[in-house]
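Protein chains: 6
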Amino acid sequence: MVYITRRETFAAAHRLFKDGLSNEENLKLFGKCSNPNWHGHNYILEVVVAGEVNPATGFVLDLKELKEIIHKHVISKVDHKNLNIDTDFMIGLNPTSENIVIAIWKQLEDKIPAGKLYSIKLYETENNYFEYRGE
Amino acid sequence: MVYITRRETFAAAHRLFKDGLSNEENLKLFGKCSNPNWHGHNYILEVVVAGEVNPATGFVLDLKELKEIIHKHVISKVDHKNLNIDTDFMIGLNPTSENIVIAIWKQLEDKIPAGKLYSIKLYETENNYFEYRGE
Amino acid sequence: MVYITRRETFAAAHRLFKDGLSNEENLKLFGKCSNPNWHGHNYILEVVVAGEVNPATGFVLDLKELKEIIHKHVISKVDHKNLNIDTDFMIGLNPTSENIVIAIWKQLEDKIPAGKLYSIKLYETENNYFEYRGE
Amino acid sequence: MVYITRRETFAAAHRLFKDGLSNEENLKLFGKCSNPNWHGHNYILEVVVAGEVNPATGFVLDLKELKEIIHKHVISKVDHKNLNIDTDFMIGLNPTSENIVIAIWKQLEDKIPAGKLYSIKLYETENNYFEYRGE
Amino acid sequence: MVYITRRETFAAAHRLFKDGLSNEENLKLFGKCSNPNWHGHNYILEVVVAGEVNPATGFVLDLKELKEIIHKHVISKVDHKNLNIDTDFMIGLNPTSENIVIAIWKQLEDKIPAGKLYSIKLYETENNYFEYRGE
Amino acid sequence: MVYITRRETFAAAHRLFKDGLSNEENLKLFGKCSNPNWHGHNYILEVVVAGEVNPATGFVLDLKELKEIIHKHVISKVDHKNLNIDTDFMIGLNPTSENIVIAIWKQLEDKIPAGKLYSIKLYETENNYFEYRGE
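The listed protein sequences correspond, in order, to chains A, B, X, U, W and G.
If you're matching positions, the first sequence starts at 373 in my numbering and goes up one per residue.
If you're matching positions, the second sequence starts at 373 in my numbering and goes up one per residue.
If you're matching positions, the third sequence starts at 373 in my numbering and goes up one per residue.
If you're matching positions, the fourth sequence starts at 373 in my numbering and goes up one per residue.
If you're matching positions, the fifth sequence starts at 373 in my numbering and goes up one per residue.
If you're matching positions, the sixth sequence starts at 373 in my numbering and goes up one per residue.
Bear in mind the hints are in silico, worked out from the structure with no lab data behind them.
Hints are not guaranteed to be accurate.
Which copy is meant is left open, so a pair is good if it fits within one copy or across any two.
No more than 30 Å apart at the CA atoms, straight line, and that leaves these computed lysine-lysine pairs for DSSO-like [stated by the list, open to error]:
(1) K478 with K493
(2) K483 with K404
(3) K493 with K436
(4) K404 with K390
For reference, chain A alone in the conformation it holds in the complex:
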């Protein structure tokens, strides 16, 4: 069993916002992260797949193929986008990094052609990271 990781980046806008609360209540709950005019991040995404090494190729999975899957199902929907408005798989969700990693897991879980999705890790800033392993 080898764990292979592909790192990607995307630049997105968002605001933390809980449906059903007013702007004032959201600002009280989330502080500057709920700025009604948005803010944004250079997110760093790490996708980890665990699997047996294929003796025909020496790969668990060709990372070029994994890169294309991540771009098709995630990056194209989040890069230079607004996560609250533009991203279909985030609609109705408060875009905390916790909710983003779970949503990205669901996007990718059944798209991995070899091995199994093991972990989604997201760096929101250089000091704040989040990981989901499907548990």
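On the provided structure of chain A, position chains B, X, U, W and G as indicated by the hints.
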């Protein structure tokens, strides 16, 4: 003459947008960077001050003081903000990184209590950097 | 279950020193790391908390709150300090990074308001890292 | 139980190449990674050892000792080498990072004087990482 | 005048080799860097262009355009290549990083559509960097 | 003219302290940086040499040779040392990073066998850098 650098970060939303052009014209000119729903970045800002070393302290300038000046005049106006809407010193400017480094220079130029402002460097992404030296 | 990480840094002096041994014996055992005049590091600390996502906030735990807890119980006691002399929770311990990660775990274990402390990771240098998971 | 990590780097040439296939077939399977004239990487290697803290030293294992073991059994055989030709423990293996991490594990598994080898992690580029834990 | 930087990476094999000397003489002069079976690096390239900000766009030069120029004239000729054999603009040159930065400068100098080429910076390893400014 | 850089690191203890002032006055002037029990840093040092490329080697200067010079004249005197007490070339100086870069310049200025010393850059923390160019 010693060059001292203080590094700060801020998370902001923006879109590239030239006044007087329509959304369509802006999208044609700036591509995904002009997404009407915004996108954002974790910007990294480096402020460089050049000066003689003060023999009384061994400092060009106390970096704690420089940090406070940068926070008061720049970070408080850009962190968790929308650079097109929220930032007074960017109003009327297309928020390209070129325009941001020049605007930050103007914010700080006459606020440095010792030495002289030498350079403003801004990392928009890990692959794109911009520097202005007041030339 | 999402794993959230807060990264902090601190600058501290220390020397490796085993009580009951002479300076010479300590220098023989620990080499330059036992310099009687001390040396120091920019330590990087990563605190990982694992927990369920609170549906009211989309957080496992507000990272601002976690940051304050880490500052109150750890950073205020180690930053710009001497780990052998100044840090109450290290008194009587040889300040190897192994002993530091265990001691920081004990400082934080019962202070986490939601979720459970999962891991303490410490980078002593860019080449040497240490992790403790309470096992 | 503390997990200690030593990070090392090495610069090596390689090409992906499956024995029994022609150059053309290898190029079809592996693309530019099978360039017959080779290419290369600055690999980053992380070796993780898990063990109890020795109360006599406060160490799981002296990282200077671990560094020497890694240099003797791995770095001396891969740094400024061609992984397909020069490295005895890679002979007959297609030098994918998956195969390299497993081979390095086998090199080090029975050389660790205290604690147990827990993980071998290899960064082939800043975007592609690989980990093996002996499972 | 704003200085804009585009960062790119490439993975290449090379060996230091002076024409007219034997393998033995080259090994004596260049040590392990002259391994006849090659070694390689993940090079990091930074291209800096200096120019006035175009008031119509807020750009010195669209970094997407600069990226395409660098890929066409440099990256396509060095990535996953052997710098001694495969790279037309390095033929006949000993591929030290000093010679590479000068050769890349010559490749790009007259291809910059706005502003002027200011600097070529190359990281061979995380500890060794090289810069050429056309002086 | 090519600029070549060698990056080195060292771990040292220090305190900011101006001779002739009391502990209290130093603490008032320098805050936590004057802790009488010391603190420390992982300093990162970059030494830049500028020179013509030697056509016999393709080098400005062999970086292995530059590394040895830096180790002999700087690293051996500062790594795992106390900069206030142990380092001969810092005796009598308040070890601010400004004073350290100037002192390292003086240590190395006349030891460079080819090209000329161009810059000494020192990172005290990931947010504070200092550069001296002999001006």
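message: Checking an output row: K483 and K404, CA cutoff 30 Å. Within, between, both or neither?
response: between (36 Å within a copy, 25 Å between copies)
Intra- versus inter-copy proximity for K493 and K478 (alpha-carbon distance at most 30 Å): both (13 Å within a copy, 26 Å between copies)
query: Can you tell me if K404 and K390 fall within 30 Å by alpha carbon in one copy, between copies, both or neither?
result: both (14 Å within a copy, 27 Å between copies)
task: Can you give me the call for K493 and K436, within, between, both or neither, at a CA distance of at most 30 Å?
output: Both, since 19 Å and 20 Å are each at most 30 Å.
Going through the hint list in order, the structure satisfies each hint without exception.
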